[in-house]
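Given the sequences, and given the hints that come with them, work out the whole structure.
Protein chains in written order, with my numbering: chain P, 118 to 420; chain V, 1130 to 1468; chain A, 309 to 636; chain D, 2 to 499.
Treat the hints with care, as some may be off.
[To be verified] Reference listing, derived: stretches of chain P covered by chain A, where coverage requires no fewer than 3 residues with Cβ under 8 Å from a Cβ of chain A:
no. : segment
1   : 124-137
2   : 284-290
3   : 343-357
Just so you know, these hints were derived from the structure itself, not from any lab.
Think of the CB as a built atom: it goes at the ideal place given N, C-alpha and C, for glycine as much as any other residue.
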Amino acid sequence: QDAPTIATVVKIAGIQWFNRMEEGVNQYAADTGANAFQVGPAQADPQQQAALIEDMIAQGVDALAVVPMSPEALEPVLGRAMEQGIVVITHEAASQQNTMYDIEAFVNEDFGANLMEQMAQCMGGEGEYAVFVGSLTSQTHNQWVDGAIAHQEANYPNMTLVGDKNETFDDAQQAYEAAQEVMRAFPNVRGMQGSASTDVAGIGLAVEERGMEDATCVFGTSLPSIAGQYLETGAVDGIGFWDPSVAGYAMNKVAQMVMNGEEVTDGMDLGLEGYENVTLDGKVIYGQAWVNVNADNMADYPF
Amino acid sequence: MSGGPRTEAKLTETPEFRLAIIAVAVFVLMAALSPDRFLSPQNLTSMAFQFPEFAILALAMTITMMTGGIDLSVVGVANLSAVIAATILTAFAGAGMVGGAAIMWLMIAIVAALTVGAVAGFLNGILVSRFGLPPILATLGSGLVFTGLAVAMTGGSAVMGFPAVVAVIGNSTIFHVPVPLILFALLAFGLHVLLTRTGFGLRVTMYGANPLAALFAAIDVDRILLKVYVIAGMFSSVAGLVIMSRANSAKADYGSSYLLLAVLIAVLGGVNPYGGYGRVIGVVLAVLSMQFLSSGLNMLQVSNFARELIWGGLLLLVMVINVTNWAGLRPRRAPAKAG
Amino acid sequence: MTSLLTRNETLVAVVIVLFCILAAVSDPNFLTVTTLSDLLRASIVLGIFAIGAMLVLISGGIDVSFTAVAVSAMYMTTKFSLAFWPEMPWYLIFTLSVLLGAGLGAINGLFIAGFGLPTLIVTLGTLSVFRGFLLTFVGSDRISALPPDMREFSRMVIARGTTEGGDFYNLPWSLAALVVVVGLTAFILHKTMLGRSIFAIGGSVESARRIGINVRQTQFFVYVYVGALAGLAGILHGSMNRMADPFSLVGLELSVIAAVVLGGARLIGGYGTITGTLLGVALIVLVQNSLIVIGIPSTWQSVTIGALILLGTGLPAYQAKRAAARAG
Amino acid sequence: MGSPDSAVLVEMTGVTKRYAGVTALDRVDFAVRPGEAVCLAGENGSGKSTLIKILSGVEQPSEGAIRIGGEQMRGLNPRRAASAGVMVIFQDFSLFPNLSVAENIAFASELAEHRRFFNRRAARETARKVLDRIGVDIPLDARLEQLPVAHKQLVAICRALACEARLIIMDEPTTALTEREVRRLLGIIRLLKDEGVAVVFVSHKLAEVLEVSEKVVVLRNGRKVAEGPATEFNASSLTRHMTGREVAEASPGPFNGAGETLLTVEKLDKPGAFRNVSFEMRRGEVLGITGLLGSGRTSLAKALFGLVAPASGRITLDGADVPLGDPVAAAHARIGYVPEDRLTEGLFLTQSILRNVAVGRLDSHERRGFLDMTGLVGEAADWLARLKVKTPSIAAPVTSLSGGNQQRVALARWLSRAPKLLILNGPSVGVDVGSKAEIHDIIRDLGAQGLGVIVISDDLPELLATCHRILVMRGGEMVDEIEGGSITEDDLSHKLAS
Ligand SMILES: Nc1ncnc2c1ncn2[C@@H]1O[C@H](COP(=O)(O)OP(=O)(O)OP(=O)(O)O)[C@@H](O)[C@H]1O
Ligand SMILES: Nc1ncnc2c1ncn2[C@@H]1O[C@H](COP(=O)(O)OP(=O)(O)OP(=O)(O)O)[C@@H](O)[C@H]1O
Ligand SMILES: [Mg+2]
Ligand SMILES: [Mg+2]
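Okay, here's the thing in C-alpha cells:
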C-alpha cells in the first residue's frame, strides 16, 4: 500500500504561526513516511482557501487537514471532499459540520477566561479594561473575548469593560493606533486584552511609549517571537497560545487514524503534549494544550 | 462578430489573439508539467467551479472601465447583496426547509440581492454622473460604505443556515456543466451582445472614447453612466450569490482579494482603463489564463505568493507586447489643447 | 481655478475643524497635546506616502505600487541587516532602504518612461510582482527582533513627557523625516526646473515634449523619487512599530490616493499642493483615530469613513461641476 | 552677411518624410531669410504641419538636410532647434493650462539656458519684458486656463520671443481668432519682421496670407508646387496652385422670405454670456451669427442645443417648445449642432469613421435595444458618400482623415438625423479652400432643401457666401441684423469692429 497523501491547508501561508505548524506536519511525515505537506493561500480570504481545497481534491489527496479561515465558507467544499471519500480533519473550527473530527487545543471560551483570569489578578480585580480583536468577522477571536468578558462579569464585579471590541485588522500598526485611542478616550484604562498575534505588540508599543509598563496589565494571544520584546520590558505582561506544531501533528495523526479505521474516544491519549487526555464532544476533540508565557518562561518557546 | 462596426486591424494583430496564445500556452505548459493530474476531468471541473465568481466581478469591472471609470465597490456590493439574501433565507426559510417553499424563498432572496446590487450601482452612478466624483474615489468610498453596512448588519459574523436548494447556484451541475460556469457564460455572452450589438453598448464605447464628444452628440451621458454602474452592481450581486452558495453562508469579508484580481483580469483582457476599448472575449481569455496558472501552480505545490508574482509579471509582459500596437491607450485628455 | 483650489483646501480645513469640535464636545479630553502628538505620529508614514502619491498625480500618472515598494524595501533591509550586519547604524539602514525603494521605483520608471506604458497598469502589475517576490523569495515571517539600532531609533524622541495637566506627549524623531520630505519636495517642486517640468508634463505631455522638456527623464525621476520616499516610509514604519511585517502596508494605497485627492490634487494631472495633501492626510488620520472618541460603534466605522470620503471628494467635485455648468 | 548663403537663416534641402505608407513630404526645398515672412499654403494633408515639425526638430526627416544659420543640423530635436533660434507656435499652442502666464512664457527660454533652478521673480521679469515688447498686457499670475483664446495665442508668441527666436513658425495661428485679433496678430508679425525676426506661417485664410507675407510656398500632396513673392499671387491663383483646379465660390440664392417660421427665440438670457436675445428664422433660411471673441455667440449656440442652460427665455421650434438646457431633448426636437472644436468636441477620434456617423442614428436603428447593423452601416455609408468623404475604408479611425473630411464626417452625423435646424459653429475652421467651397455648397444646398441652418463664423467671406441674413452680436446682445446680399465684406467688418 502506498503512503497516504495528507494535505494540510492553513489560513494563510508564510506567517510564523503556520510555519511552526508546518514543522509539526513535516515531523509527522518524517516519523511515519506519509506524504504529508502543508499549503496555504497568499491572502487571508476564505474564497482563496476554498479554491485551494478544490485544487487539492482535484489532485486526489487521501486526507485533508484544514485550519479554516472561515468555517462556514468551507462547508460545501469540505462536504464535496467527504463525498469523494477524502478524510477531513479540521482545527480551530468547533462549529464545522463537514468534518470527521475537529481538533481544538482547548475550549475557546475557557482560553479567553484564562487570559482574563491572569489579567484580573494583575489588576487586583478592579478597574477599566478594553478588548481587541483582529477582525469583527473572526469567530475565534470573538469567542475568546466573549469568554473573557463572561468570566469577568461572573467573578470580578469591580472591573468594567470600556468601549466596543476594537478591531485591529491583524496589523500591529492598527493595534498600536487603536490602543492609543483607547488610552486617550479612557485615560483610566488599566487592562488590555488582545486576540490577533500582533495585537499585544501594538498595545505593548503604545504602553511602552507612554511609560505605563507598570501601570497597565496587557495580556493576549501571541507568540514569543512577536511579543517577546514587550514581555522583556513588562509592557506586555503575559501571552497565551497553543503550540501549532503539535496541533498540526495531531491533525495528521487523527487523519491517519480515521483512514486506519480507528476511533477517537473520550479521555483518549493522542500521545502528544496537551492532548494526553482529550475530551470528545460530538466530533470535537478538545485538548488542554494552552501555554501561558511571561517574561520568565519565554525562552522555552523559541518560535 | 462580422458586420459590426469594427475598427481593429487583422485578427492576428489584436491583443485578444495574443492573449489566446498565452492562454493556450499556459494550458499546454501546465498539462505538460503534470499531465495526469492537470488534465483529469476532476481538475477541469474543479477549475470550472472556481473561476466564475471572480470572473463575474471582472465583467462588472470591464463595463465600468469601458467608460473610462472603474468600480472598486464590486466586492462590497457582492457581500452586501449576499448578506441581505442570506438574512432573508435564514430568517424566513431556515436550514430545514425543502420543496416549493424553499425555492420560493430562494427566488425572493435572489430578487432582493439583485435589487441591492441595482440600488448600490445606482448610487455609484449618481455619484459619478450627477455629482461628478472621479469613479475611483466614488466607488472606493461607496465600497467602504457597502462593506460597512454588511458588517453592521451582521456584527461581522457569517450568516448561515440556508435551505439545501441554495447550493444549486454554486455547487451543482447541469449536464455535467457547473452551474456557476453556466451563469458566467450567460453573463459574459450577454455583456458581449450588449456591448457589440446594442445601441447602449455603442454609446458606452463612444462615451468612453470621448465623453465630451458624447455630450455634443446628444448622448444622454448621465443615463448611460447610471445604467453602466447599475449593470456593474447587478453583476456584482450575482457574483455575491455565487459566493454565498459556494460558501453556504454570507459574510462581510468574503472574496476581499478579488478586487485587485478583477482589475488585473480586466486590464490583462485588453480593456482600456481610459475607456473606449474592451472586448468580453479578451476578459474571458484572461480569466482562463489566470485559472490555468493558478490551479497548475497549486498542483505543483508552488507557493501561492509566487502566483501573485506571476500574475503581475504576466500583466506587465502582455502590456509590453501590446505597447507597440496599442496607440489608443492614452489618458483621457483633450489632444494637447491649450485650455 | 485658483479660487476653486483654495476652496478645496479650505473645505478640508473646515471639515477638520468641524470634526474636532464634534470630538471635543463628545469628549473634553480630545483637545489635548496627547491627541495631537498621537495624530502627528500616525501622520508620518501616511504623510510621506501622500507626498509621493501627490507627485505622481501632478505628473499626470497614478501609482498604486508604493506600498509594495515600501514594504519590500523595509523587509529586505531588515533581513539584510540581520543576516550580515546586525550592528548596522540606523542611518545606514535607512539609507539602504531608501536606495532599495529608489531601485524598485526605477523599475516602475523603466516600464512607464521607457516603454511608455500607462501608469495605472504598470503599478498594478508591479504591486503584485514586488509583493509576490518579497513573500516568495525573501520571506514571510514577521520579524520583531529588529536590528538593535532600528529599535533604538524608534526610542529616540524630540520631546517626551507629561504636561502639568497630566497629558502625556511624545514626538519621535521620525517626525523630522516627514518635515525633511516636505521641505525637499517643496523645494524640488517650486524651485527647480525639474519640479516645474513635473507640473508641465502633468499639464500637457505633448506640449512639454515640444518645448524640449525631457519627458522620459522627468517621469523616470518621479518614480525613482517616489520609490525612495516609499523606502523611507517603509523603514520608518518598521522601526516605529518595532516589527518588520511583510504583510503590512499593502492595501493602504487607495486610501492614500483618496487623501491626496481630498487635498485638491486632480487625477488628470497638473494640480496638487503640499498644503492640501497634508490637510487631506490630517483629515483621514483624524477620522480614523477618533471614531472611538466620538463614540461610533466599531461595526459602523467603515461606513463612517466611506461616507466621509464621499463627502470630502463629493462636495468639491459637485461645486466644480456646478461652476463648469454656470460658465457654459 | 556677405555671401547670399549666409543670409539664409534656415534652409531645408531635399527633405522627405515618410510615415508608414504615407509620404507626407517629398523632396522639398525650403529657405527663410532673416526678417522675412513666408507663408506655407496647401490643402489639408498636403504636408504643411509635417514640414514645420521637421524644421523644429519634433520629427526627423527620412531623407534630406537642414541647415540653421549655415550649420548642418543632424538629429535635430526641439531643444536644439530652440537654442538655434527656431521656435514654433503650434496650432494648439502647446501651452500648459495649469501653469501661470509668466511661467508659460519663461519656461522654454529657461530650459534652453540649461537652468537647474527656477526663480519665480526672474520668470516674471522675462515675461514682463516680452509682453512689453509687443505692447500687450496680460496678468502675469493668471493661470493660463483662465485666459481667452486670443490671449493664449499671445502667450505662445511671447514664449517664442522670450527664447530670442530668430525664426517663429506659426501653424494656423488665426483659426481661433476673430477679425480684430487677427489684425492685432498681423501687426505683431510686422513688428517682429522689423526687428529682423523671420516668420513662417500656415493659414487657410488667403487674404491675410497675401497681406503680410513676402514669399509664398505652396505644397500639394507633399510636393512643393509653387514658390514666389507674395505679389505674384492672388487669391485665385493661390487656390489653383493648392488644389490644382479652379474653385469658384458661389453665393446664396435669393431667399424669398416666405416659408413658415421655423424657430423663435424669445428673450433668452444667461447672465455673463448673453442678454435678452430674441430672433426668428424661417424654413430654408441660412442665418449667420457673428461677433467678436467673447461676444456670446458660442454660448448662444450651445443654449439653442441645450448644452448651456439659459436663466430665462423661450425657444420654440415648429411651434413646439424646446426644453431648455437638455441636449437630448434638443436633439429629439431635431436640432443639430456641429461644434467648433472638431478634435475634442466633435469627433470620437479613436473610433471608426462609420461609428462616428452612426452614433447619431442609433435610436432609429434600434429594435428593442438591438441594432440593425446592416441598416445602420448602409445609411452611414450612404451619407459619407453623399458628402464625398474620401477614405479607403469607413472602418478606419477618423484620425486617418484630413481636416476637411473630418468636418464632413461631423456633418454627416447630424444630416443623417434629418434635422429641422442645424447649427454649424465654425463649419470651415482649419479646412482648406477646396473643401471649404464644397462645404459651403453643402450648406447652401441644405437651405434649399428647407432646413434652417445657423452658421456661426467670423470668416466674413464665408458668411457672405452662405447666409441669407446675418445677425451681429456684441457683448452678449444682438446689435445688428443684415440682409446677406446687401453688404460687402468691408462694410461688415466695420460693423463688427465698431
Ligand atoms: N504621425 C503620422 N503618421 C502617419 N501619417 C501622418 C502622420 N502625421 C501626418 N501624417 C500624414 O501626412 C500627411 C501630411 O500631414 P500634415 O499634418 O503635414 O498636413 P497639413 O498640411 O498640416 O494639413 P492640415 O491643413 O489639415 O493641417 C497627411 O496625409 C497625414 O495623414
Ligand atoms: N456663466 C458665465 N459667467 C461669466 N462669464 C461668462 C459665463 N458664460 C460665459 N461667459 C463669458 O461670456 C463671454 C461670451 O462667451 P462665449 O463663449 O459665448 O463667446 P463667443 O463669442 O461665442 O466665443 P467664440 O469666439 O469662441 O465663439 C465670454 O467672455 C465668456 O467667458
Ligand atoms: Mg504592565
Ligand atoms: Mg496641419
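Verification of the hints:
1. 124-137: Since three or more residues must qualify, the claim that chain A covers the segment 124-137 of chain P holds, with 5 doing so at under 8 Å.
2. 284-290: holds (count 5)
3. 343-357: holds (count 4)
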